[in-house]
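Undergrad: As you go down the protein sequences, you meet chains A and B in turn.
Residues in the first sequence are numbered from 7 upward in steps of one, following our numbering.
Residues in the second sequence are numbered from 2 upward in steps of one, following our numbering.
Hints in this document: simulated from the structure, not taken from any laboratory.
Note that the structure is predicted; figures quoted are calculated from it, not measured.
There could be a bad hint or two in this list.
Derived lysine-lysine pairs resembling DSSO-like cross-links, with alpha carbons at most 27 Å apart [said to hold, decoys possible]:
(1) A:Lys11 to B:Lys86
(2) A:Lys20 to B:Lys69
(3) A:Lys14 to B:Lys69
(4) A:Lys20 to B:Lys55
(5) B:Lys63 to A:Lys14
Spelled out, the chains give:
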Amino acid sequence: MESKKYLKDLTDIKELMSRSSRFISLSGLSGILAGIYAIVGAALAYFLVFPLRGEYLTLHGWPFQLTIILLLSVAVLSVLTAYYLTTKKAKKNGEAIWDATTKRLLISFLVPLLTGGIYIFIKLKSQHYGLSAALMLIFYGLALVNASKYTLGKIKYLGYAEIVLGLICAAVPGYGFWFWVAGFGVLHILYGSMMYRQEQSG
Amino acid sequence: MGLIDNINKLFDHRIRLGIMSILMVNEEVDFNRFKELLDVTDGNLASHTKTLEKAAYIKVEKSFIGRKPNTRYSATKAGREAFKKHIEALEAIIKNKH
């Protein structure tokens, strides 16, 4: 009798700890879709932008602008998809989407991400294109690891994987494009499918 | 059996247990957030936070956001340690019975 009550206490503790500190899990499907957007964006860049450029991208040239437009579209589409699917899932589970935890999640995600974004932009302004892909991967990975305290699931590991990939990318110059595709495309799809399978199995 | 002795009477209550659980994983929590998470009335919540405050397990900070009073709670070091011991005691009892 007593031990049953204590067992219930323990489950209550666990449940409250996770409910109060963790954001509802992002849906796995949004990870898969984000990966697909990234790959489609990269393919467009590969076929549209790369034939246009001579040796180097210039900051005010059309290829550069097109690349930025593609990058932003991929980012915006991914965020919108994640937001839409996560809200839908939260509604189905009767959870609130905007509470104190969500706010903290967003802040801890955005601080490293914006820092990285601004840093990359400053480097681009002074014609340093070389490490952009590596920096994007590293800062995105840091943002994920930092935000993972407030999410369910194993987003932390996706973050570590992005950081490692970014560091390797920095060590192997000239393949930035392919590392970018691997990090933002392939890893998202892999991670998303793993999450999706988990969601389906309960 | 000495196992039961380690059960902390103060945590042997659903709401106080809940308050401590939440404070273990959140640096600071305000009154309304507790209400939302624990689904309790103002009076009930206030009396239990007071009990925990008296035991020096939690710290209370009152301030104003605009004109609204805002009360925030955090766990003290003593509170964290006591709660950890309590959880260990619960686990020990359960392991023993199975």
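Undergrad: Where does the structure disagree with the numbered hints, that is, which hint numbers, in rising order?
TA: Violated hints: 2, 3 and 5; rest satisfied.
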